[in-house]
Amino acid sequence: MLGEGIIKGMVETAKNFVGSYHDPKRLTTVEYPENKIPAKENARNFPFLVFDGVDADKGLRCVACQICEKECPPKCIYIIKDTVKKPDYMGKMQIQPKIFDIDISVCMSCQICVEVCPFEAIKMDTQFELSTTDRFENLLLNKRELAKPNEYYHKIHPTEATEVDERLAAEKAKAEAKAKADAEAKAKATVAAAAAKAAPTPVPAPAK
Amino acid sequence: METLDQIKDRIEAAVPGARLEIIPNDSPANQPSLLIDHEHAVAVAKFLRDDSQLQFDYASNVTGVDWLDAVLKEKVKVKQVVEGVEKEVEEVIEKKRAGYLEAVYHLYSMELKHGPFILRLRTENRTDKVHLPSLTPIWRGAEFQEREIYDLYGIIFDGHPDLRRLLMWEGFVDHPMRKDYVEPDDFEYEPTPHDEVLERAKEHYPAEAKP
Amino acid sequence: MISDAPGQMGMTSESASQVPLPEGAGQSNYTVIPKTSAEGTSEGELLEVAMGPQHPSTHGVFRMDVVLDGEHVVKLKPVFGYLHRNHEQIAESTTYLGSMPYTDRLDYLCSMTNNWAYALSVEKLAGLQPPERAEYIRIITAELTRLVNHTCLVGFLLQDMGALGTPLMYAFRERELILDLFEALSGSRMMYNYMRFGGCRVDLSADWIEQAKQVVDGYSRFLDEFEKLLTENEILVSRTQGVGVLTVKLAINASITGPMLRASGVNYDIRKVDKYGIYDRFDFRIPLGDHGDVYDRYMIRVLEMRESVKILNQALRDIPAGPIMDPKAKIRGFRPKAGEAYGRIEGPKGELGFYLISDGSPNPYRYRVRPPSLINLTVLEDMCLGETVADVVIILGSVDIVLGEVDR
Chain A
1 MLGEGIIKGM
11 VETAKNFVGS
21 YHDPKRLTTV
31 EYPENKIPAK
41 ENARNFPFLV
51 FDGVDADKGL
61 RCVACQICEK
71 ECPPKCIYII
81 KDTVKKPDYM
91 GKMQIQPKIF
101 DIDISVCMSC
111 QICVEVCPFE
121 AIKMDTQFEL
131 STTDRFENLL
141 LNKRELAKPN
151 EYYHKIHPTE
161 ATEVDERLAA
171 EKAKAEAKAK
181 ADAEAKAKAT
191 VAAAAAKAAP
201 TPVPAPAK
Chain B
1001 METLDQIKDR
1011 IEAAVPGARL
1021 EIIPNDSPAN
1031 QPSLLIDHEH
1041 AVAVAKFLRD
1051 DSQLQFDYAS
1061 NVTGVDWLDA
1071 VLKEKVKVKQ
1081 VVEGVEKEVE
1091 EVIEKKRAGY
1101 LEAVYHLYSM
1111 ELKHGPFILR
1121 LRTENRTDKV
1131 HLPSLTPIWR
1141 GAEFQEREIY
1151 DLYGIIFDGH
1161 PDLRRLLMWE
1171 GFVDHPMRKD
1181 YVEPDDFEYE
1191 PTPHDEVLER
1201 AKEHYPAEAK
1211 P
Chain C
2001 MISDAPGQMG
2011 MTSESASQVP
2021 LPEGAGQSNY
2031 TVIPKTSAEG
2041 TSEGELLEVA
2051 MGPQHPSTHG
2061 VFRMDVVLDG
2071 EHVVKLKPVF
2081 GYLHRNHEQI
2091 AESTTYLGSM
2101 PYTDRLDYLC
2111 SMTNNWAYAL
2121 SVEKLAGLQP
2131 PERAEYIRII
2141 TAELTRLVNH
2151 TCLVGFLLQD
2161 MGALGTPLMY
2171 AFRERELILD
2181 LFEALSGSRM
2191 MYNYMRFGGC
2201 RVDLSADWIE
2211 QAKQVVDGYS
2221 RFLDEFEKLL
2231 TENEILVSRT
2241 QGVGVLTVKL
2251 AINASITGPM
2261 LRASGVNYDI
2271 RKVDKYGIYD
2281 RFDFRIPLGD
2291 HGDVYDRYMI
2301 RVLEMRESVK
2311 ILNQALRDIP
2321 AGPIMDPKAK
2331 IRGFRPKAGE
2341 AYGRIEGPKG
2351 ELGFYLISDG
2361 SPNPYRYRVR
2371 PPSLINLTVL
2381 EDMCLGETVA
2391 DVVIILGSVD
2401 IVLGEVDR
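Protein chains in written order, with my numbering: chain A, 1 to 208; chain B, 1001 to 1211; chain C, 2001 to 2408.
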């Protein structure tokens, strides 16, 4: 019968129409500014810099190694090194960034800076309501605007942040253990050397 | 599928006078290719398409490559060194290679489901002798891709039915995919203070550029 | 014409005093061409119209210069380049990893398959082998992408036919569920940047697999609903059957790939031919068309979605535990040996290939995308000749183009 297919289709649309009044699953939209869908844990938008403790300048993990600046595909990161040094998470003295700018009008949220960073210093934010009236200056984020505490990182990506913390703690413990062992070996060596000096016949000093 | 050497022998038998050369490929992909000359290109292509054992009826990918003038350093060994048993000193020979443009055709067979077979065509130089025979009469699928090569690399395909620019507009002068292409200086102010961007910003907007 | 002398294009010297108008300003966007018979007598007029670039049926910025005799097409020339950004040049000046996010932006409906095609080519070039779990993840994401693409395409095709809203909204409702899955996995809704050379970036959780199973289960129900809505609809049938026929011979010769080729009845699917990844482990069939018209192209997509659901069910059931990256792969300082490689996969739109030449530096010397959308447009004129203008719109819709990939 001509028109049978159309009637079948109409039945289908009618089912969907009536269904949306009965079944909350069929309601697929939310009214945005009042209601929001909770962000996914892996969600990413623009990068931010992680710092430990309370002071953003002291605790900043970034050591201005400029790897992210080189690897960034659209070249939206700009870093100038400072002369001031501060210890990184391993206790090694490192240079701090003097200027760290990210132009989020150029950034394409690809996450490559996060992947290449060896210091776990740059991470992806989930904040997306960033509209401003000035498309140049307000979209160029500087170091102060980018720095966010580790607690914030834990809040937005709990699983990932815990993993990172564990990894950093393990590396630090390993480095400390190594430093301790080195120091002990050094102390032994000096003692042995002193003993060797005192003795009339030289004894080969034990290797570290 | 037959090996490239066998196919080469058969082409030489079928197309008398064709000058062929196998181009090796060192990568793990192991996809060597066959360089063919201009005069017999169409005949060779027709043979590859129509031969009953090959039937490369499908030109999948056609693309251009720009090779600049270069000094090639070739390591030459007189005897094969097997695990360092024979001690041979490798000689480094420097060869000057004139630049050329290249068109690469990746062929497959839909009928026999084998491939790829890679054809290469090279122009004589990069400036005035940039003509190549078009293979569009053999494989219609090359039509837009050859137009794109003409547009972006400047290879002129003789025998192409409709050789116009594909992506750039008519009246555009240069060929933007060439390695020595210089992009026009149409800089607009952008806030990211990058090194080279900053210099150009100073040049274009002396008052606005910031440190 | 080939000559590109700069003097030919610009303004004439007499208009130097006044500000020159932009090219084409003030002109009408059509031309009337007198039509004469062989004897030289007038037979009316032909009309040359520019369809696009700002036209809703062209799915983006794409122009067709159409010559019309009454309502019928006499000549049709596609014009490209409105979205050209020299993707290949950009990729040649950045690192191998750096162009991975740019591949997302080629065909922005199917970023996962673009990622896979590029990763596959680089793996061929560098000799990497992704572990088994990564191969499963790739197949799962690629088949979900195929579902997204084909559902959207059917929605858009119906939109082009004048079914405003309903089919497209139903399609987008289902697409949303898959986008949610992808967001939970990769962090982004469309620009995933998910695959890496030798594996994938993040692992699937058990939770994710459960969610994916639910979505896939719901999908076959949705396909039943969608087919009830459309497949037997008399208007759709009469608009599409016998329209835009593509013959087998022309389809092969013009390098048509993907659902369009199979709608013409050629059994060629790279998943079966190349068996890349681990597609040889899955039980699925290749649907083939008979007539090569728009209706067959629509049906092929619906049937392919059903086969994708089959693959997904098997993959989600069988996925093993294990690592997701090749231990030889590295993120920083990736330099493949000099050489070249061409890798291709069966994307939702056709054969998507990447041709790479390495000279041993961190950037590719040559990076080429084989865009299925562009090459499938080769036969647009042949399919449209003699059809009406309204049919041109649906023929273009059935080719399935995304301008990000056509123009690159």
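There could be a bad hint or two in this list.
Within a straight-line C-alpha distance of at most 30 angstroms, the following computed DSSO-like cross-link-like pairs (lysine-lysine) qualify [claimed, not checked]: (1) C:K2228 - A:K174; (2) C:K2275 - B:K1113; (3) A:K148 - A:K92; (4) C:K2077 - B:K1046; (5) C:K2310 - A:K25; (6) B:K1008 - C:K2275; (7) A:K178 - C:K2328; (8) C:K2330 - A:K92; (9) C:K2330 - A:K75; (10) B:K1073 - C:K2328; (11) A:K8 - C:K2077; (12) C:K2337 - B:K1179; (13) C:K2337 - B:K1096; (14) B:K1073 - C:K2330; (15) C:K2213 - C:K2249; (16) B:K1075 - C:K2249; (17) C:K2337 - A:K70; (18) C:K2213 - A:K40; (19) B:K1046 - B:K1073; (20) A:K75 - B:K1075; (21) A:K36 - C:K2249; (22) C:K2330 - A:K174; (23) A:K143 - A:K58; (24) B:K1095 - C:K2077.
From chain C, some residues computed to sit far from chain B (all C-beta separations above 10 angstroms) [what the hints assert, rightly or not]: (25) E2088; (26) F2156; (27) E2210; (28) R2239; (29) L2250; (30) I2252; (31) Y2268; (32) R2285; (33) A2338.
No lab work stands behind these hints: they were computed from the structure. All figures in this text were calculated on a predicted structure; none of them were measured in a lab. Where is the CB? At the ideal position from N, CA and C, for every residue including glycine.
Comparing the hints with the structure gives:
no., hint, verdict
1, C:K2228 - A:K174, "violated, 64 angstroms"
2, C:K2275 - B:K1113, "holds, 12 angstroms"
3, A:K148 - A:K92, "holds, 22 angstroms"
4, C:K2077 - B:K1046, "holds, 27 angstroms"
5, C:K2310 - A:K25, "holds, 25 angstroms"
6, B:K1008 - C:K2275, "holds, 27 angstroms"
7, A:K178 - C:K2328, "holds, 28 angstroms"
8, C:K2330 - A:K92, "holds, 25 angstroms"
9, C:K2330 - A:K75, "holds, 21 angstroms"
10, B:K1073 - C:K2328, "holds, 29 angstroms"
11, A:K8 - C:K2077, "violated, 40 angstroms"
12, C:K2337 - B:K1179, "holds, 21 angstroms"
13, C:K2337 - B:K1096, "holds, 22 angstroms"
14, B:K1073 - C:K2330, "holds, 28 angstroms"
15, C:K2213 - C:K2249, "violated, 41 angstroms"
16, B:K1075 - C:K2249, "violated, 48 angstroms"
17, C:K2337 - A:K70, "holds, 22 angstroms"
18, C:K2213 - A:K40, "holds, 19 angstroms"
19, B:K1046 - B:K1073, "violated, 37 angstroms"
20, A:K75 - B:K1075, "violated, 38 angstroms"
21, A:K36 - C:K2249, "violated, 53 angstroms"
22, C:K2330 - A:K174, "holds, 24 angstroms"
23, A:K143 - A:K58, "holds, 13 angstroms"
24, B:K1095 - C:K2077, "violated, 47 angstroms"
25, E2088, "violated, 6 angstroms"
26, F2156, "holds, 23 angstroms"
27, E2210, "holds, 38 angstroms"
28, R2239, "holds, 28 angstroms"
29, L2250, "violated, 7 angstroms"
30, I2252, "violated, 5 angstroms"
31, Y2268, "violated, 5 angstroms"
32, R2285, "holds, 16 angstroms"
33, A2338, "violated, 6 angstroms"
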